[in-house]
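Enquirer: Sequence:
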Amino acid sequence: MLCPKCETENKGENETCTNCGESLLNYSDRVINEVEQTEVVAEQVSKVEANPKSVVHQRITGANLKSAGPKSSDVKVVSNGFYIGVMIATVIFPIIGVIMGFTYLRKEHPSARKAGKSWLIVGSAIILAQVVVLSMN
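In my numbering, the protein residues as written are 1 to 137.
Think of the hints as simulated: they come from the structure by calculation, not from any bench. Treat the numbers as computed from the prediction; the structure is a model and nothing was measured.
Distance condition first, Cα-Cα at most 30 Å in a straight line; then the derived DSS-like pairs of lysine-lysine: (1) K47 with K107; (2) K76 with K107; (3) K107 with K117; (4) K76 with K114; (5) K117 with K76.
Based on the sequences and whatever the hints tell you, model everything.
Expert: Written out as structure tokens, the structure is:
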């Protein structure tokens, strides 16, 4: 296919000239192409509207974002600094560990649940130790 602008020979499937970038499609082909793209996008949007939870991790083009990076179970939700900070606060004020433990145990991510379990156990153990020590007096 010859470019109408610079007359460079291009492959038949090219939409633009490899030399000057001029569109090789005539106006009607461009309109048909835009209509097809609009129909595809409208179809994908209607799928998302019909069942939004099934495509939460997908782009409008249908690319799966989960496959691009590490598994969600591999990513840490609770940083080491936050974990240690809550542990220190739990030693000082055990009720913080109990509250944070119950809060993070309700989360779905495995690392959040693990941290919540640890905080809950430490907080409960310290409260129990305080009750035992106070009851001995």
